[in-house]
Amino acid sequence: MLNDAFGVAGPDLNEDGDGDGDEDNIEDGDGDNAENEEHNGENVEFYKLLEDGNEQLYEGCTKYSKLSFLISLYHIKCLYRISDKAMTKILKLLKDAFGNAKISNTFYEAKKTINKLGLNYTKIPAYPNDCMLYWGEDEDLQECKRCKTSKWSDAKKKKPAKILQYFPLKPRLQRLFMCSKTAQSMQWHALAEKKDSKMRHPRDSEAWKTFDLLHDRFAEDLEMYVLVLQLMDSTPFGAMRTNYSVWPVVLIPYNRPPWECMKPTSLILSMIILGEKMPGNNIDVYLQPLIKELKELWYDGVQTLNRFRNEMFTLRAALMWTISDFPGLGNLSGWNVHSKYGCPTCNFSTNSYRLKHGGKLCFLGRRRFLERGHKFRLSRAKFNGKVELRDPPAVLTGSEILEQLEGINVSFGKELQESKGKRIRRKVVEEDDESGMWRKKSIFFDLPYWESNLLRHNLDVMHIEKNVCDNVLYTLLNEAGRSKDNLKARKDLKEMGIRKDLWPDENGRYHPSLFTMSNSMKDIFLCTIKNIRVSDGLSSNISRCVDLKQRKLSGLKSHDCHVLMQQLLPIAIRNVLPDKVTAVLIKLSSFFQQLCSKSLSLTELERL
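Residue numbers (full-length UniProt numbering): 1 to 608.
Hints were generated in silico from the structure; no laboratory data involved.
Take every hint as true, because none was put in to throw you off.
Computed beta-carbon distance windows for the label pairs:
1. Gln-165 x Ala-97: 32 to 38 angstroms
2. Arg-377 x Pro-512: 26 to 32 angstroms
3. Arg-482 x Glu-406: 40 to 46 angstroms
Cβ atoms here follow ideal geometry from the backbone N, Cα and C, with glycine treated the same way.
Make a model of the complete structure from these sequences and hints.
What follows is the structure, encoded as C-alpha coordinates:
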(Lines of atoms letter the chains of each structure in order from A and count residues from 1; the text may use other names and numbers.)
(Lines give C-alpha, C1' and ligand atoms only; values in the text may rest on other atoms or scores of the structure.)
Protein backbone atom coordinates (compact mmCIF):
# COMPACT_ATOMS: atom_id res chain seq x y z
CA MET A 1 0.00 0.00 0.00
CA LEU A 2 2.75 2.44 0.98
CA ASN A 3 4.77 1.70 -2.13
CA ASP A 4 1.76 2.48 -4.33
CA ALA A 5 1.26 5.82 -2.60
CA PHE A 6 4.82 6.89 -1.76
CA GLY A 7 7.12 4.64 -3.81
CA VAL A 8 10.55 6.04 -4.69
CA ALA A 9 13.54 4.89 -6.66
CA GLY A 10 15.69 2.37 -4.88
CA PRO A 11 16.65 -1.30 -4.78
CA ASP A 12 13.94 -3.94 -4.34
CA LEU A 13 11.10 -1.41 -4.55
CA ASN A 14 9.87 -2.31 -8.02
CA GLU A 15 7.08 -4.74 -7.26
CA ASP A 16 6.98 -6.30 -10.70
CA GLY A 17 10.64 -5.91 -11.62
CA ASP A 18 9.54 -4.58 -15.02
CA GLY A 19 11.17 -1.17 -14.89
CA ASP A 20 13.11 0.13 -17.85
CA GLY A 21 16.83 -0.20 -17.21
CA ASP A 22 18.86 -0.63 -14.06
CA GLU A 23 17.58 0.84 -10.83
CA ASP A 24 21.07 2.23 -10.18
CA ASN A 25 21.15 4.13 -13.48
CA ILE A 26 18.36 6.64 -12.91
CA GLU A 27 18.54 9.70 -15.11
CA ASP A 28 18.01 12.96 -13.30
CA GLY A 29 16.74 15.05 -16.21
CA ASP A 30 18.66 18.30 -15.86
CA GLY A 31 21.43 16.86 -13.68
CA ASP A 32 20.64 19.20 -10.83
CA ASN A 33 22.51 17.96 -7.72
CA ALA A 34 20.35 19.99 -5.36
CA GLU A 35 17.25 18.25 -6.67
CA ASN A 36 18.95 14.87 -6.28
CA GLU A 37 19.77 15.65 -2.65
CA GLU A 38 16.16 16.68 -2.07
CA HIS A 39 14.88 13.41 -3.54
CA ASN A 40 17.43 11.44 -1.51
CA GLY A 41 16.04 13.07 1.63
CA GLU A 42 12.57 11.99 0.60
CA ASN A 43 13.89 8.47 -0.01
CA VAL A 44 15.27 8.25 3.55
CA GLU A 45 11.90 9.29 4.97
CA PHE A 46 10.16 6.80 2.76
CA TYR A 47 12.40 3.92 3.80
CA LYS A 48 11.75 4.73 7.45
CA LEU A 49 8.01 4.79 6.76
CA LEU A 50 8.28 1.50 4.88
CA GLU A 51 10.05 -0.07 7.84
CA ASP A 52 7.24 1.02 10.16
CA GLY A 53 4.72 -0.41 7.69
CA ASN A 54 6.47 -3.80 7.61
CA GLU A 55 7.34 -4.02 11.32
CA GLN A 56 4.95 -6.16 13.34
CA LEU A 57 3.14 -4.43 16.20
CA TYR A 58 4.42 -7.20 18.47
CA GLU A 59 6.08 -10.51 17.81
CA GLY A 60 3.68 -12.85 16.04
CA CYS A 61 1.10 -10.15 15.19
CA THR A 62 -0.04 -10.52 11.58
CA LYS A 63 -3.11 -8.27 11.63
CA TYR A 64 -1.46 -4.95 12.54
CA SER A 65 1.88 -3.40 11.75
CA LYS A 66 3.34 -0.56 13.79
CA LEU A 67 2.10 1.97 11.22
CA SER A 68 -1.34 0.46 10.50
CA PHE A 69 -2.14 0.32 14.24
CA LEU A 70 -1.14 3.96 14.60
CA ILE A 71 -3.32 5.00 11.65
CA SER A 72 -6.31 3.06 13.01
CA LEU A 73 -5.88 4.71 16.40
CA TYR A 74 -5.59 8.14 14.80
CA HIS A 75 -8.77 7.46 12.82
CA ILE A 76 -10.66 6.83 16.07
CA LYS A 77 -9.27 10.08 17.50
CA CYS A 78 -10.59 12.05 14.51
CA LEU A 79 -14.01 10.38 14.52
CA TYR A 80 -14.69 10.99 18.20
CA ARG A 81 -12.71 14.21 18.68
CA ILE A 82 -10.37 12.87 21.34
CA SER A 83 -7.94 15.51 22.60
CA ASP A 84 -4.17 15.22 22.18
CA LYS A 85 -3.69 14.93 25.94
CA ALA A 86 -6.21 12.09 26.13
CA MET A 87 -4.44 10.30 23.25
CA THR A 88 -1.11 10.59 25.09
CA LYS A 89 -2.71 9.02 28.18
CA ILE A 90 -4.18 6.19 26.06
CA LEU A 91 -0.81 5.52 24.39
CA LYS A 92 0.96 5.42 27.74
CA LEU A 93 -1.64 2.99 29.09
CA LEU A 94 -1.26 0.72 26.05
CA LYS A 95 2.53 0.93 26.30
CA ASP A 96 2.36 -0.01 29.98
CA ALA A 97 -0.09 -2.87 29.42
CA PHE A 98 1.68 -4.30 26.36
CA GLY A 99 5.36 -3.68 27.00
CA ASN A 100 6.56 -5.62 23.95
CA ALA A 101 4.34 -3.72 21.51
CA LYS A 102 5.88 -1.09 19.21
CA ILE A 103 3.71 1.79 20.43
CA SER A 104 4.69 5.47 20.58
CA ASN A 105 5.16 6.94 24.06
CA THR A 106 3.33 10.20 23.33
CA PHE A 107 0.89 11.47 20.76
CA TYR A 108 3.53 13.99 19.64
CA GLU A 109 5.76 11.10 18.51
CA ALA A 110 2.80 9.46 16.80
CA LYS A 111 2.01 12.65 14.88
CA LYS A 112 5.61 12.88 13.64
CA THR A 113 5.20 9.45 12.04
CA ILE A 114 1.76 10.24 10.60
CA ASN A 115 3.03 13.51 9.09
CA LYS A 116 5.44 11.50 6.93
CA LEU A 117 2.43 10.16 5.03
CA GLY A 118 2.17 13.56 3.34
CA LEU A 119 -1.54 13.99 4.02
CA ASN A 120 -1.15 17.43 5.56
CA TYR A 121 -2.85 20.57 4.31
CA THR A 122 -2.30 24.31 4.48
CA LYS A 123 -4.54 26.46 6.65
CA ILE A 124 -5.20 29.77 4.91
CA PRO A 125 -7.11 32.38 6.96
CA ALA A 126 -10.13 33.84 5.16
CA TYR A 127 -12.75 36.46 5.88
CA PRO A 128 -16.22 34.99 6.67
CA ASN A 129 -17.88 37.32 4.15
CA ASP A 130 -15.67 35.85 1.41
CA CYS A 131 -13.99 39.19 0.67
CA MET A 132 -10.40 37.94 0.60
CA LEU A 133 -7.82 35.37 1.64
CA TYR A 134 -4.98 36.32 3.96
CA TRP A 135 -2.56 34.72 1.54
CA GLY A 136 0.40 35.72 -0.61
CA GLU A 137 1.01 39.47 -0.41
CA ASP A 138 -1.90 39.83 2.04
CA GLU A 139 -0.69 37.14 4.44
CA ASP A 140 0.45 39.61 7.13
CA LEU A 141 -2.65 41.82 7.04
CA GLN A 142 -4.64 41.98 10.26
CA GLU A 143 -7.94 43.22 8.82
CA CYS A 144 -9.99 42.93 5.65
CA LYS A 145 -9.04 45.40 2.91
CA ARG A 146 -12.69 45.88 1.92
CA CYS A 147 -14.63 46.15 5.17
CA LYS A 148 -11.79 46.72 7.68
CA THR A 149 -12.94 43.84 9.88
CA SER A 150 -10.43 41.95 12.03
CA LYS A 151 -8.81 38.81 10.72
CA TRP A 152 -9.31 37.07 14.06
CA SER A 153 -12.39 35.78 15.83
CA ASP A 154 -10.27 35.66 18.99
CA ALA A 155 -7.44 38.19 18.81
CA LYS A 156 -5.74 36.96 21.99
CA LYS A 157 -5.52 33.35 20.84
CA LYS A 158 -4.89 34.38 17.21
CA LYS A 159 -7.79 32.24 16.04
CA PRO A 160 -8.85 33.08 12.44
CA ALA A 161 -12.50 33.88 11.81
CA LYS A 162 -12.55 31.42 8.90
CA ILE A 163 -10.08 28.94 7.43
CA LEU A 164 -9.64 27.52 3.94
CA GLN A 165 -8.18 24.02 4.06
CA TYR A 166 -5.95 23.81 0.99
CA PHE A 167 -4.15 20.64 -0.07
CA PRO A 168 -1.06 21.47 -2.20
CA LEU A 169 -1.40 20.01 -5.68
CA LYS A 170 2.19 19.39 -6.81
CA PRO A 171 3.19 16.72 -4.26
CA ARG A 172 -0.04 14.84 -4.90
CA LEU A 173 0.59 14.79 -8.64
CA GLN A 174 4.19 13.68 -8.10
CA ARG A 175 3.04 10.84 -5.88
CA LEU A 176 1.15 9.14 -8.71
CA PHE A 177 4.42 8.72 -10.64
CA MET A 178 6.29 7.24 -7.68
CA CYS A 179 4.88 3.74 -8.17
CA SER A 180 5.69 1.80 -11.34
CA LYS A 181 2.10 0.62 -11.80
CA THR A 182 0.41 3.99 -11.41
CA ALA A 183 3.16 5.70 -13.45
CA GLN A 184 2.47 3.30 -16.30
CA SER A 185 -1.28 3.88 -16.15
CA MET A 186 -0.68 7.66 -16.27
CA GLN A 187 0.40 7.22 -19.92
CA TRP A 188 -2.70 5.28 -20.93
CA HIS A 189 -4.39 8.28 -22.58
CA ALA A 190 -1.52 8.60 -25.08
CA LEU A 191 -0.45 4.98 -25.64
CA ALA A 192 -3.67 2.96 -25.53
CA GLU A 193 -5.00 1.91 -28.92
CA LYS A 194 -8.25 3.46 -30.14
CA LYS A 195 -10.48 0.67 -31.44
CA ASP A 196 -13.15 2.68 -33.24
CA SER A 197 -14.84 6.09 -33.39
CA LYS A 198 -16.85 5.59 -30.21
CA MET A 199 -16.18 7.68 -27.12
CA ARG A 200 -15.05 5.59 -24.16
CA HIS A 201 -12.80 8.15 -22.49
CA PRO A 202 -12.59 11.97 -22.49
CA ARG A 203 -9.55 11.69 -24.80
CA ASP A 204 -11.98 10.62 -27.57
CA SER A 205 -13.97 13.87 -27.29
CA GLU A 206 -13.70 16.81 -29.66
CA ALA A 207 -12.66 19.12 -26.81
CA TRP A 208 -9.63 16.97 -25.95
CA LYS A 209 -8.58 16.61 -29.60
CA THR A 210 -8.86 20.37 -30.14
CA PHE A 211 -6.72 21.00 -27.06
CA ASP A 212 -4.05 18.65 -28.42
CA LEU A 213 -4.02 20.45 -31.77
CA LEU A 214 -3.68 23.90 -30.20
CA HIS A 215 -1.02 22.82 -27.70
CA ASP A 216 0.91 20.18 -29.60
CA ARG A 217 4.07 20.41 -27.47
CA PHE A 218 2.06 19.73 -24.37
CA ALA A 219 0.18 16.88 -26.06
CA GLU A 220 3.41 15.18 -27.21
CA ASP A 221 4.54 14.82 -23.60
CA LEU A 222 3.39 11.37 -22.44
CA GLU A 223 3.53 12.38 -18.77
CA MET A 224 1.46 15.54 -19.18
CA TYR A 225 -1.34 15.76 -16.63
CA VAL A 226 -4.92 16.42 -17.73
CA LEU A 227 -7.11 17.47 -14.80
CA VAL A 228 -10.80 18.16 -14.38
CA LEU A 229 -12.19 20.22 -11.51
CA GLN A 230 -15.40 19.07 -9.85
CA LEU A 231 -17.26 21.35 -7.45
CA MET A 232 -19.47 19.58 -4.93
CA ASP A 233 -21.59 20.77 -2.04
CA SER A 234 -22.86 18.96 1.02
CA THR A 235 -24.56 19.57 4.33
CA PRO A 236 -22.82 17.22 6.77
CA PHE A 237 -25.60 17.43 9.37
CA GLY A 238 -28.49 16.58 7.05
CA ALA A 239 -30.45 18.32 4.33
CA MET A 240 -32.70 20.13 6.80
CA ARG A 241 -29.81 21.80 8.62
CA THR A 242 -28.75 24.74 6.47
CA ASN A 243 -26.58 26.77 8.86
CA TYR A 244 -23.44 24.86 7.95
CA SER A 245 -22.13 23.77 4.55
CA VAL A 246 -19.06 22.09 3.12
CA TRP A 247 -17.82 22.74 -0.41
CA PRO A 248 -15.11 20.26 -1.45
CA VAL A 249 -13.19 21.00 -4.65
CA VAL A 250 -11.94 17.77 -6.22
CA LEU A 251 -9.54 17.25 -9.13
CA ILE A 252 -9.86 14.19 -11.37
CA PRO A 253 -6.80 12.99 -13.36
CA TYR A 254 -8.01 11.90 -16.80
CA ASN A 255 -4.69 10.34 -17.85
CA ARG A 256 -5.68 6.97 -16.47
CA PRO A 257 -8.05 4.46 -18.14
CA PRO A 258 -11.79 4.95 -17.58
CA TRP A 259 -12.03 2.03 -15.15
CA GLU A 260 -9.42 3.70 -12.91
CA CYS A 261 -9.71 7.47 -13.23
CA MET A 262 -13.14 7.71 -11.56
CA LYS A 263 -12.34 5.47 -8.60
CA PRO A 264 -12.25 7.22 -5.20
CA THR A 265 -8.55 6.36 -4.89
CA SER A 266 -7.79 8.39 -8.03
CA LEU A 267 -9.58 11.57 -6.94
CA ILE A 268 -7.44 14.42 -5.62
CA LEU A 269 -8.96 16.59 -2.91
CA SER A 270 -7.81 20.14 -3.62
CA MET A 271 -9.55 22.21 -0.96
CA ILE A 272 -12.40 22.26 1.54
CA ILE A 273 -14.44 25.45 1.89
CA LEU A 274 -16.30 25.55 5.20
CA GLY A 275 -18.85 28.06 6.41
CA GLU A 276 -22.40 28.88 7.30
CA LYS A 277 -23.18 29.91 3.72
CA MET A 278 -21.97 28.77 0.35
CA PRO A 279 -19.33 30.99 -1.30
CA GLY A 280 -21.45 31.44 -4.43
CA ASN A 281 -20.01 33.99 -6.84
CA ASN A 282 -17.10 34.58 -4.43
CA ILE A 283 -15.64 31.13 -5.00
CA ASP A 284 -12.87 32.72 -7.08
CA VAL A 285 -11.41 34.07 -3.84
CA TYR A 286 -10.82 30.52 -2.62
CA LEU A 287 -9.57 29.21 -5.97
CA GLN A 288 -6.57 31.58 -6.03
CA PRO A 289 -4.00 29.11 -4.57
CA LEU A 290 -5.09 26.38 -6.98
CA ILE A 291 -4.94 28.66 -10.03
CA LYS A 292 -1.46 29.81 -8.98
CA GLU A 293 -0.23 26.20 -8.84
CA LEU A 294 -1.89 25.35 -12.17
CA LYS A 295 -0.12 28.28 -13.85
CA GLU A 296 3.22 27.16 -12.41
CA LEU A 297 2.58 23.61 -13.61
CA TRP A 298 1.82 24.91 -17.11
CA TYR A 299 4.77 27.28 -17.48
CA ASP A 300 7.55 25.73 -15.37
CA GLY A 301 6.39 22.30 -14.27
CA VAL A 302 8.00 20.42 -11.40
CA GLN A 303 10.82 17.86 -11.44
CA THR A 304 9.36 14.41 -10.78
CA LEU A 305 10.60 10.84 -10.74
CA ASN A 306 8.86 8.45 -13.15
CA ARG A 307 9.15 5.12 -11.36
CA PHE A 308 8.08 3.14 -14.43
CA ARG A 309 10.80 4.57 -16.71
CA ASN A 310 13.28 5.18 -13.88
CA GLU A 311 14.11 8.76 -14.87
CA MET A 312 13.45 12.33 -13.88
CA PHE A 313 11.13 14.47 -16.00
CA THR A 314 9.35 17.82 -15.85
CA LEU A 315 5.76 17.25 -14.78
CA ARG A 316 3.27 19.65 -16.38
CA ALA A 317 -0.48 19.83 -15.97
CA ALA A 318 -3.52 21.51 -17.51
CA LEU A 319 -7.12 21.92 -16.41
CA MET A 320 -9.40 20.77 -19.21
CA TRP A 321 -12.86 21.72 -17.86
CA THR A 322 -15.03 21.89 -14.75
CA ILE A 323 -17.95 19.72 -13.61
CA SER A 324 -20.75 20.98 -11.37
CA ASP A 325 -24.49 21.31 -11.03
CA PHE A 326 -26.26 24.20 -12.80
CA PRO A 327 -26.01 26.80 -9.99
CA GLY A 328 -22.38 25.78 -9.53
CA LEU A 329 -21.77 26.36 -13.23
CA GLY A 330 -22.98 29.92 -12.78
CA ASN A 331 -20.64 30.42 -9.82
CA LEU A 332 -17.63 29.07 -11.72
CA SER A 333 -18.28 30.74 -15.08
CA GLY A 334 -19.62 34.08 -13.80
CA TRP A 335 -22.80 33.91 -15.93
CA ASN A 336 -26.10 34.67 -14.19
CA VAL A 337 -28.04 31.42 -14.58
CA HIS A 338 -31.03 32.70 -12.55
CA SER A 339 -32.36 35.16 -15.14
CA LYS A 340 -34.23 35.10 -18.45
CA TYR A 341 -30.90 34.56 -20.24
CA GLY A 342 -30.05 31.67 -17.93
CA CYS A 343 -28.57 29.36 -20.59
CA PRO A 344 -24.79 30.03 -20.72
CA THR A 345 -24.50 28.32 -24.12
CA CYS A 346 -27.20 30.38 -25.87
CA ASN A 347 -26.00 33.50 -24.02
CA PHE A 348 -28.12 36.53 -24.99
CA SER A 349 -29.92 34.42 -27.63
CA THR A 350 -31.71 32.45 -24.89
CA ASN A 351 -35.44 32.20 -25.52
CA SER A 352 -37.44 32.19 -22.27
CA TYR A 353 -40.89 33.03 -20.97
CA ARG A 354 -41.97 33.77 -17.39
CA LEU A 355 -45.14 31.89 -16.52
CA LYS A 356 -47.85 34.26 -15.33
CA HIS A 357 -49.31 32.02 -12.63
CA GLY A 358 -46.44 29.67 -11.80
CA GLY A 359 -43.97 32.56 -11.72
CA LYS A 360 -41.09 30.44 -13.01
CA LEU A 361 -39.01 30.95 -16.12
CA CYS A 362 -39.81 28.52 -18.91
CA PHE A 363 -37.17 28.03 -21.62
CA LEU A 364 -38.99 27.34 -24.86
CA GLY A 365 -36.34 27.65 -27.56
CA ARG A 366 -34.84 24.18 -27.45
CA ARG A 367 -36.47 23.10 -30.72
CA ARG A 368 -33.96 25.31 -32.54
CA PHE A 369 -31.36 22.60 -32.00
CA LEU A 370 -33.36 19.96 -33.88
CA GLU A 371 -32.64 19.24 -37.53
CA ARG A 372 -34.48 21.38 -40.05
CA GLY A 373 -37.07 18.78 -41.06
CA HIS A 374 -37.91 17.48 -37.60
CA LYS A 375 -41.65 17.09 -36.93
CA PHE A 376 -41.45 18.87 -33.56
CA ARG A 377 -40.48 22.14 -35.28
CA LEU A 378 -43.93 22.40 -36.86
CA SER A 379 -45.85 21.15 -33.84
CA ARG A 380 -47.81 23.93 -32.12
CA ALA A 381 -50.07 22.29 -29.53
CA LYS A 382 -47.36 20.09 -28.00
CA PHE A 383 -45.14 23.07 -27.17
CA ASN A 384 -45.85 26.81 -26.94
CA GLY A 385 -48.44 27.17 -29.70
CA LYS A 386 -45.87 28.42 -32.23
CA VAL A 387 -43.86 27.01 -35.11
CA GLU A 388 -40.06 26.98 -34.66
CA LEU A 389 -38.12 27.84 -37.84
CA ARG A 390 -35.02 29.48 -36.36
CA ASP A 391 -31.50 28.09 -36.53
CA PRO A 392 -29.61 27.29 -33.31
CA PRO A 393 -27.53 30.15 -31.89
CA ALA A 394 -23.79 30.12 -32.53
CA VAL A 395 -21.63 28.92 -29.64
CA LEU A 396 -19.42 31.74 -28.40
CA THR A 397 -15.65 31.31 -28.42
CA GLY A 398 -13.47 32.25 -25.48
CA SER A 399 -12.39 35.45 -27.26
CA GLU A 400 -16.01 36.52 -27.79
CA ILE A 401 -16.76 35.89 -24.11
CA LEU A 402 -13.76 38.02 -23.10
CA GLU A 403 -15.09 40.84 -25.30
CA GLN A 404 -18.37 40.74 -23.34
CA LEU A 405 -16.39 40.78 -20.09
CA GLU A 406 -14.48 43.97 -20.90
CA GLY A 407 -15.05 46.67 -18.30
CA ILE A 408 -16.52 44.33 -15.68
CA ASN A 409 -14.93 44.97 -12.28
CA VAL A 410 -16.19 42.99 -9.32
CA SER A 411 -15.51 43.51 -5.63
CA PHE A 412 -15.83 40.11 -3.98
CA GLY A 413 -17.61 39.62 -0.68
CA LYS A 414 -21.15 39.33 0.58
CA GLU A 415 -23.14 42.44 1.45
CA LEU A 416 -22.81 43.42 5.10
CA GLN A 417 -25.96 43.76 7.22
CA GLU A 418 -25.56 46.88 9.34
CA SER A 419 -28.28 46.05 11.84
CA LYS A 420 -30.62 43.23 12.70
CA GLY A 421 -34.20 43.55 11.66
CA LYS A 422 -36.37 42.90 8.65
CA ARG A 423 -34.59 40.93 5.98
CA ILE A 424 -33.87 42.90 2.82
CA ARG A 425 -34.23 41.03 -0.42
CA ARG A 426 -31.19 41.21 -2.65
CA LYS A 427 -31.39 43.14 -5.88
CA VAL A 428 -32.52 40.99 -8.78
CA VAL A 429 -31.43 41.60 -12.35
CA GLU A 430 -34.25 43.15 -14.36
CA GLU A 431 -35.85 41.02 -17.05
CA ASP A 432 -34.51 43.07 -19.96
CA ASP A 433 -31.24 44.18 -18.36
CA GLU A 434 -28.32 42.59 -20.22
CA SER A 435 -25.61 44.52 -18.38
CA GLY A 436 -25.87 42.41 -15.22
CA MET A 437 -25.64 39.00 -16.85
CA TRP A 438 -21.89 38.67 -16.36
CA ARG A 439 -21.29 38.92 -12.63
CA LYS A 440 -17.51 38.59 -12.87
CA LYS A 441 -14.63 37.56 -15.08
CA SER A 442 -13.96 33.96 -14.08
CA ILE A 443 -10.60 33.31 -12.44
CA PHE A 444 -10.12 30.40 -14.84
CA PHE A 445 -9.38 32.92 -17.61
CA ASP A 446 -6.11 33.58 -15.77
CA LEU A 447 -4.98 30.20 -17.12
CA PRO A 448 -3.18 30.81 -20.45
CA TYR A 449 -5.07 28.08 -22.31
CA TRP A 450 -8.59 28.61 -20.90
CA GLU A 451 -9.65 31.08 -23.60
CA SER A 452 -8.96 28.55 -26.37
CA ASN A 453 -10.64 25.58 -24.66
CA LEU A 454 -13.51 24.24 -26.72
CA LEU A 455 -15.47 23.15 -23.64
CA ARG A 456 -14.96 24.98 -20.36
CA HIS A 457 -17.82 24.01 -18.05
CA ASN A 458 -19.79 20.76 -17.83
CA LEU A 459 -22.96 19.82 -15.98
CA ASP A 460 -23.03 16.77 -13.72
CA VAL A 461 -25.49 14.37 -15.33
CA MET A 462 -26.21 12.74 -11.95
CA HIS A 463 -27.62 16.02 -10.61
CA ILE A 464 -29.79 16.45 -13.70
CA GLU A 465 -30.99 12.85 -13.58
CA LYS A 466 -31.95 13.18 -9.90
CA ASN A 467 -33.92 16.38 -10.55
CA VAL A 468 -35.76 14.78 -13.47
CA CYS A 469 -36.46 11.60 -11.50
CA ASP A 470 -37.75 13.53 -8.47
CA ASN A 471 -40.10 15.63 -10.61
CA VAL A 472 -41.41 12.57 -12.46
CA LEU A 473 -42.08 10.68 -9.22
CA TYR A 474 -43.66 13.66 -7.44
CA THR A 475 -45.96 14.27 -10.41
CA LEU A 476 -46.95 10.61 -10.84
CA LEU A 477 -47.75 10.30 -7.13
CA ASN A 478 -49.41 13.76 -7.14
CA GLU A 479 -47.51 14.78 -4.02
CA ALA A 480 -48.88 18.03 -2.62
CA GLY A 481 -46.59 21.01 -3.08
CA ARG A 482 -44.16 19.06 -5.28
CA SER A 483 -46.21 17.81 -8.21
CA LYS A 484 -45.78 19.76 -11.45
CA ASP A 485 -49.43 19.13 -12.31
CA ASN A 486 -51.26 21.72 -10.22
CA LEU A 487 -53.78 24.54 -10.59
CA LYS A 488 -51.14 27.14 -11.46
CA ALA A 489 -49.75 24.91 -14.21
CA ARG A 490 -53.25 24.40 -15.64
CA LYS A 491 -53.88 28.16 -15.62
CA ASP A 492 -50.59 28.73 -17.46
CA LEU A 493 -51.68 26.26 -20.14
CA LYS A 494 -54.86 28.28 -20.59
CA GLU A 495 -52.85 31.51 -20.71
CA MET A 496 -50.66 30.06 -23.48
CA GLY A 497 -53.69 28.75 -25.39
CA ILE A 498 -52.56 25.11 -25.58
CA ARG A 499 -53.87 21.76 -24.27
CA LYS A 500 -57.49 22.92 -24.00
CA ASP A 501 -58.60 19.62 -22.43
CA LEU A 502 -56.43 20.40 -19.39
CA TRP A 503 -57.76 23.89 -18.68
CA PRO A 504 -59.40 24.47 -15.28
CA ASP A 505 -62.95 25.77 -14.96
CA GLU A 506 -64.03 29.00 -13.25
CA ASN A 507 -64.04 27.29 -9.84
CA GLY A 508 -60.46 26.04 -10.20
CA ARG A 509 -61.45 22.45 -10.85
CA TYR A 510 -59.84 20.44 -13.61
CA HIS A 511 -59.94 16.94 -15.09
CA PRO A 512 -57.22 14.45 -14.12
CA SER A 513 -54.36 14.02 -16.56
CA LEU A 514 -53.63 10.89 -18.53
CA PHE A 515 -50.80 10.08 -16.10
CA THR A 516 -52.81 10.68 -12.90
CA MET A 517 -52.84 7.55 -10.71
CA SER A 518 -55.59 6.49 -8.35
CA ASN A 519 -54.78 5.31 -4.82
CA SER A 520 -54.92 1.67 -5.88
CA MET A 521 -52.53 2.38 -8.76
CA LYS A 522 -50.15 4.15 -6.38
CA ASP A 523 -50.23 1.12 -4.07
CA ILE A 524 -49.32 -1.21 -6.95
CA PHE A 525 -46.59 1.16 -8.16
CA LEU A 526 -45.01 1.58 -4.71
CA CYS A 527 -45.31 -2.11 -3.79
CA THR A 528 -43.50 -3.02 -7.01
CA ILE A 529 -40.60 -0.70 -6.14
CA LYS A 530 -40.54 -1.87 -2.53
CA ASN A 531 -40.44 -5.57 -3.42
CA ILE A 532 -37.86 -5.41 -6.23
CA ARG A 533 -34.68 -7.26 -5.30
CA VAL A 534 -31.43 -6.30 -7.00
CA SER A 535 -27.93 -7.77 -6.91
CA ASP A 536 -25.50 -6.65 -4.22
CA GLY A 537 -23.79 -3.36 -4.96
CA LEU A 538 -26.26 -2.18 -7.62
CA SER A 539 -28.04 0.25 -5.32
CA SER A 540 -28.87 1.00 -1.72
CA ASN A 541 -32.00 -0.43 -0.09
CA ILE A 542 -34.57 1.67 -1.97
CA SER A 543 -37.44 -0.13 -0.20
CA ARG A 544 -36.64 1.95 2.89
CA CYS A 545 -37.59 5.08 0.95
CA VAL A 546 -41.09 3.76 0.19
CA ASP A 547 -43.88 4.92 2.52
CA LEU A 548 -46.98 2.83 1.75
CA LYS A 549 -49.19 4.56 4.31
CA GLN A 550 -48.66 8.07 2.95
CA ARG A 551 -48.12 6.76 -0.61
CA LYS A 552 -44.88 8.58 -1.34
CA LEU A 553 -41.14 8.16 -1.88
CA SER A 554 -38.70 10.13 0.26
CA GLY A 555 -35.00 10.25 1.09
CA LEU A 556 -33.77 9.20 -2.35
CA LYS A 557 -30.08 9.83 -3.00
CA SER A 558 -28.53 10.63 -6.38
CA HIS A 559 -27.56 7.02 -7.06
CA ASP A 560 -31.00 5.78 -5.99
CA CYS A 561 -32.57 8.06 -8.60
CA HIS A 562 -29.97 6.86 -11.11
CA VAL A 563 -31.06 3.24 -10.63
CA LEU A 564 -34.77 4.09 -10.47
CA MET A 565 -34.70 6.20 -13.61
CA GLN A 566 -32.82 3.70 -15.75
CA GLN A 567 -33.77 0.30 -14.36
CA LEU A 568 -36.74 0.18 -12.01
CA LEU A 569 -39.17 2.86 -13.21
CA PRO A 570 -39.95 1.19 -16.59
CA ILE A 571 -40.83 -2.02 -14.70
CA ALA A 572 -42.97 -0.36 -12.04
CA ILE A 573 -45.18 1.69 -14.40
CA ARG A 574 -46.10 -0.97 -16.94
CA ASN A 575 -49.19 -2.27 -15.14
CA VAL A 576 -50.54 1.02 -13.81
CA LEU A 577 -50.28 3.64 -16.57
CA PRO A 578 -51.69 3.82 -20.12
CA ASP A 579 -49.45 2.74 -22.98
CA LYS A 580 -49.03 6.31 -24.25
CA VAL A 581 -47.60 7.46 -20.91
CA THR A 582 -45.55 4.29 -20.43
CA ALA A 583 -43.95 4.67 -23.87
CA VAL A 584 -42.84 8.24 -23.10
CA LEU A 585 -41.33 7.32 -19.72
CA ILE A 586 -39.55 4.28 -21.17
CA LYS A 587 -38.04 6.51 -23.88
CA LEU A 588 -36.90 8.93 -21.17
CA SER A 589 -35.34 6.04 -19.27
CA SER A 590 -33.64 4.81 -22.43
CA PHE A 591 -32.28 8.32 -23.06
CA PHE A 592 -30.48 8.37 -19.71
CA GLN A 593 -29.31 4.78 -20.21
CA GLN A 594 -27.61 5.66 -23.48
CA LEU A 595 -26.25 8.93 -22.12
CA CYS A 596 -24.64 7.14 -19.15
CA SER A 597 -23.36 4.12 -21.07
CA LYS A 598 -19.66 3.19 -21.07
CA SER A 599 -19.30 3.87 -24.79
CA LEU A 600 -20.97 6.64 -26.77
CA SER A 601 -21.45 6.93 -30.51
CA LEU A 602 -21.59 10.39 -32.08
CA THR A 603 -24.37 9.30 -34.43
CA GLU A 604 -26.40 7.97 -31.49
CA LEU A 605 -25.87 11.20 -29.54
CA GLU A 606 -27.04 13.27 -32.50
CA ARG A 607 -30.11 11.04 -32.78
CA LEU A 608 -30.87 11.55 -29.08
